[in-house]
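Take these sequences, add in the hints, and give me the full structure.
Residue numbers (this note's numbering), protein chains in the order written: chain A, 613 to 882; chain B, 29 to 304.
Since the hints were made in silico from the structure, they are not lab data.
What you are looking at is a predicted structure, and each value in this text was computed from that prediction instead of being measured.
Keep in mind that a hint or two might mislead.
[Stated by the list, open to error] Short derived list, chain B residues pointing at chain A, Cβ under 7 Å:
hint, residue
1, N210
2, A213
3, P225
Heads up, the beta-carbon is just placed ideally off N, CA and C, and yes, glycines get one too.
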Amino acid sequence: MGASLSIDYVSHRFTPSAAPTLKEIDARIEPGEMTALIGRSGCGKSTLLHMLAGLLIPSEGCIRVNGHQISAPSAKWNMMFQKASLYPWMTVQENASLGLLFAGHSKREATKQVDALLDMVGLHDKKKDNVQSLSGGQQQRVALARSLATNPEVLLLDEPFSALDAFTRSALQEEVPAICRERGITMVIVTHDIDEAITMADRVLVMSQNPGRIVSELPVKLPWPRRHMDVGFQTLRDELMQQFKGTDTGLSGRCAQSSQPADSKAESAA
Amino acid sequence: MSTKTSAALSAPSSGFNWLSPVLGMLGGLRYPALGITSLLAAWWFGGYLVANDPDMWAFANFAPAPTFQALYGLVASGAIWPTILSSLYRILYGLFWGIVIGVPVGVLIGYVGSAMKIANVPFQFLRMISPLAWMPIAVLAFPTWDSAIIFLIVMAAVWPIIFSTAHGVRRIDPNWFKVARNLGASELHMLRRIIMPAIMSDVLAGIRLAVGVAWVVLVPAEYLGVTSGLGYAINDARDTLSYDTLAAIVVVIGLIGYGLDSICSLLIKRFNWHVE
Ligand SMILES: Nc1ncnc2c1ncn2[C@@H]1O[C@H](COP(=O)(O)OP(=O)(O)OP(=O)(O)O)[C@@H](O)[C@H]1O
Ligand SMILES: [Mg+2]
Numbered sequence: 613m614g615a616s617l618s619i620d621y622v623s624h625r626f627t628p629s630a631a632p633t634l635k636e637i638d639a640r641i642e643p644g645e646m647t648a649l650i651g652r653s654g655c656g657k658s659t660l661l662h663m664l665a666g667l668l669i670p671s672e673g674c675i676r677v678n679g680h681q682i683s684a685p686s687a688k689w690n691m692m693f694q695k696a697s698l699y700p701w702m703t704v705q706e707n708a709s710l711g712l713l714f715a716g717h718s719k720r721e722a723t724k725q726v727d728a729l730l731d732m733v734g735l736h737d738k739k740k741d742n743v744q745s746l747s748g749g750q751q752q753r754v755a756l757a758r759s760l761a762t763n764p765e766v767l768l769l770d771e772p773f774s775a776l777d778a779f780t781r782s783a784l785q786e787e788v789p790a791i792c793r794e795r796g797i798t799m800v801i802v803t804h805d806i807d808e809a810i811t812m813a814d815r816v817l818v819m820s821q822n823p824g825r826i827v828s829e830l831p832v833k834l835p836w837p838r839r840h841m842d843v844g845f846q847t848l849r850d851e852l853m854q855q856f857k858g859t860d861t862g863l864s865g866r867c868a869q870s871s872q873p874a875d876s877k878a879e880s881a882a
Numbered sequence: 029m030s031t032k033t034s035a036a037l038s039a040p041s042s043g044f045n046w047l048s049p050v051l052g053m054l055g056g057l058r059y060p061a062l063g064i065t066s067l068l069a070a071w072w073f074g075g076y077l078v079a080n081d082p083d084m085w086a087f088a089n090f091a092p093a094p095t096f097q098a099l100y101g102l103v104a105s106g107a108i109w110p111t112i113l114s115s116l117y118r119i120l121y122g123l124f125w126g127i128v129i130g131v132p133v134g135v136l137i138g139y140v141g142s143a144m145k146i147a148n149v150p151f152q153f154l155r156m157i158s159p160l161a162w163m164p165i166a167v168l169a170f171p172t173w174d175s176a177i178i179f180l181i182v183m184a185a186v187w188p189i190i191f192s193t194a195h196g197v198r199r200i201d202p203n204w205f206k207v208a209r210n211l212g213a214s215e216l217h218m219l220r221r222i223i224m225p226a227i228m229s230d231v232l233a234g235i236r237l238a239v240g241v242a243w244v245v246l247v248p249a250e251y252l253g254v255t256s257g258l259g260y261a262i263n264d265a266r267d268t269l270s271y272d273t274l275a276a277i278v279v280v281i282g283l284i285g286y287g288l289d290s291i292c293s294l295l296i297k298r299f300n301w302h303v304e
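As structure tokens, this is what we get:
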């Protein structure tokens, strides 16, 4: 079952003298909720996600999972990265069952549990293959199976599909939320693709840059699976686009109403 | 010329399909065969010159024919085996300690950044000292000649293993650590499941270098004190002026060294996960 996430007044500096990367971020995420985090490149999305995974400790504030402050990574809150980062000396099966081995399961048991997941992500005929022989999309599916194998309560996705071709990407954009809904997993996805955010999430949080903070949020109340052609989809996208433009460095607010050429300049600068 | 050969090879393949792979394999052996033949020819020519030089004819037994005769005698009588075994024992024992010390130290200085900074200068300094330079110290410090020789082997073997292991650890994709931690790996898991398999081929490459250096150091080290081993056998043959035996032992040293190196390179292939 999914866990609740609580980000309590989190600020972060990578070095004591540096400008804050994140500033006073405060948000709650309900169990089983699917949240997208969007923002410009470098605004601190990955930093925040690493904190939710317990891979980075915020310099101020704290992260709570089910009310408990987290201070270390755990297979219960699992992160999937932009790169699949599979272990090249292992087969597909061995890669996917790694978390279960770490949790103390026997190799046989782990393999058995992972088999069903590999079937689900469409890799039933690749189980014994070395991962280096897989395509980028297939590798990312192995990483997904690896993340799901430990039955996580929270799934954190850091631009997991950005390196994939359009077909694979849209298939996974549909499959991953379906899996999370079926298992009640709380999901947070970081992306700078507005369509991806609307396709996959119940709620979209928009982050600004320098310092990174959450400037607005937008519920997505559309039926599943999301269709890009829906009027509701288009309306949400326009709305998010406006807010996204408003996050331009230092000029927030003013920029949102500015004219077309100024906007395109701001985009190319970013 | 090469096109003619390939045409000649491919022509009968319609009728004799088994023939072309066999010919292909023989073709692959063409270059090594050429190399070995040239070496033997040079050796034979050297022997010929020596035999015809009035000042040096006494050394004529270094030529291939007497050497191989002596080699046959050594193998047939079985006299060579104890000699080979005691040298192999020393080198394997020294390598064992070189690995036992070198791999953990290499992992440590590769994994912990400050350990690398601390160790770099002293290790580079020690590495450049010929292991044979430790000989007088080793003789004083160790109770037996055998243990002194093994110490010299360890001093020769440990550096390439340390540096190659550390290099392998530093080359590990940092994401592999992140993913493993994220999946709940303990430090022990990290070592056993991630670091060791990731660096296996680097460790073996280090061992291969170590085998080379150690084998080179072993022979002069066996000139000392001991009364067994290939180095001792060479010294002994020189003292008794049996130059054919001396040359035969030189051949044996080369063959075993080549064999040890081949084993290492097979192991490297076996544990290498990089795709070309
Ligand atoms: N380990 C680090 N040490 C110092 N600064 C860092 C570190 N990691 C990230 N930063 C800085 O923090 C800021 C936010 O980085 P982060 O990776 O979180 O951005 P992001 O929103 O994920 O960007 P992108 O969309 O390009 O992935 C950047 O300015 C980056 O330079
Ligand atoms: Mg990022």
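Tested hints:
no.: 1; hint: N210; in the structure: holds (5 Å)
no.: 2; hint: A213; in the structure: holds (5 Å)
no.: 3; hint: P225; in the structure: holds (5 Å)
In this structure, every one of the numbered hints holds.
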